[in-house]
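Residues in the sequence shown are numbered from 1 upward in steps of one, following my numbering.
These are calculated hints, taken from the structure and not from any lab test. These numbers come from a predicted model, not from an experiment. We treat Cβ as the ideally placed atom computed from N, Cα and C, and that holds for glycine. Honestly, I wouldn't trust all of these hints.
Said to hold, decoys possible - Each computed DMTMM-like pair below joins lysine to aspartate or glutamate, with the alpha-carbon atoms no more than 25 Å apart:
{"id": "1", "residue 1": "129", "residue 2": "105"}
{"id": "2", "residue 1": "4", "residue 2": "95"}
{"id": "3", "residue 1": "54", "residue 2": "64"}
{"id": "4", "residue 1": "110", "residue 2": "9"}
{"id": "5", "residue 1": "126", "residue 2": "5"}
{"id": "6", "residue 1": "4", "residue 2": "94"}
{"id": "7", "residue 1": "42", "residue 2": "18"}
{"id": "8", "residue 1": "138", "residue 2": "44"}
{"id": "9", "residue 1": "138", "residue 2": "105"}
{"id": "10", "residue 1": "138", "residue 2": "95"}
What the hints assert, rightly or not - Here are the in silico distance ranges between beta carbons for each label pair:
{"id": "11", "residue 1": "139", "residue 2": "40", "range": "32 to 38 Å"}
{"id": "12", "residue 1": "39", "residue 2": "19", "range": "36 to 42 Å"}
{"id": "13", "residue 1": "118", "residue 2": "39", "range": "24 to 30 Å"}
{"id": "14", "residue 1": "40", "residue 2": "15", "range": "37 to 43 Å"}
{"id": "15", "residue 1": "15", "residue 2": "39", "range": "33 to 39 Å"}
{"id": "16", "residue 1": "118", "residue 2": "9", "range": "19 to 25 Å"}
{"id": "17", "residue 1": "140", "residue 2": "36", "range": "28 to 34 Å"}
{"id": "18", "residue 1": "140", "residue 2": "118", "range": "30 to 36 Å"}
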Amino acid sequence: MTIKEIQNEIIDEFSMFDDWMQRYEYIIELGKSLPIINEEYKTEENLIKGCQSKVWLHGEQKDDKIVFTADSDAILTKGIIAILIRAFSNQKAEDIINADTQFIDDIGLKEHLSATRANGLVSMIKNIKMYALAFNAKSN
Numbered sequence: 001m002t003i004k005e006i007q008n009e010i011i012d013e014f015s016m017f018d019d020w021m022q023r024y025e026y027i028i029e030l031g032k033s034l035p036i037i038n039e040e041y042k043t044e045e046n047l048i049k050g051c052q053s054k055v056w057l058h059g060e061q062k063d064d065k066i067v068f069t070a071d072s073d074a075i076l077t078k079g080i081i082a083i084l085i086r087a088f089s090n091q092k093a094e095d096i097i098n099a100d101t102q103f104i105d106d107i108g109l110k111e112h113l114s115a116t117r118a119n120g121l122v123s124m125i126k127n128i129k130m131y132a133l134a135f136n137a138k139s140n
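Using the sequences plus the hints, can you model the full thing?
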């Protein structure tokens, strides 16, 4: 699936819920299915700066795609990074770089987060794009 197709699937899933309590519960459930990062990658270097809670993100290139794993010490944040990993993992670096993140606004996520969590969300996206830029530069 393309990034856009996955994003549309996420938008459809979120549209099934009537209120934000149900959506928060769903985000927490998504966090439970997050592909957990290996302990060796839970380092200061992989810690996302700008997040209220601790979030570790690791990306590695497999063939021509980037595979992300992550973890967080907060259940809601774990769900947020799970959504981003679902959208951007197993995709080509160039596609990640060029992908827009409108789907975050479409599901209403940013407007329902505290200011510090919204900043953390922006930092998570920035880190994912930075991995893509680094892998893209290395392969060119």
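Hint-by-hint comparison with the structure:
no. : hint                     : result
1   : 129 with 105             : 18 Å, holds
2   : 4 with 95                : 10 Å, holds
3   : 54 with 64               : 29 Å, violated
4   : 110 with 9               : 18 Å, holds
5   : 126 with 5               : 21 Å, holds
6   : 4 with 94                : 14 Å, holds
7   : 42 with 18               : 36 Å, violated
8   : 138 with 44              : 23 Å, holds
9   : 138 with 105             : 32 Å, violated
10  : 138 with 95              : 15 Å, holds
11  : 139 with 40: 32 to 38 Å  : 24 Å, violated
12  : 39 with 19: 36 to 42 Å   : 37 Å, holds
13  : 118 with 39: 24 to 30 Å  : 29 Å, holds
14  : 40 with 15: 37 to 43 Å   : 39 Å, holds
15  : 15 with 39: 33 to 39 Å   : 37 Å, holds
16  : 118 with 9: 19 to 25 Å   : 23 Å, holds
17  : 140 with 36: 28 to 34 Å  : 31 Å, holds
18  : 140 with 118: 30 to 36 Å : 33 Å, holds
Figure legend: structure checked against the earlier numbered hints; hints not met, in rising order: 3, 7, 9, 11.
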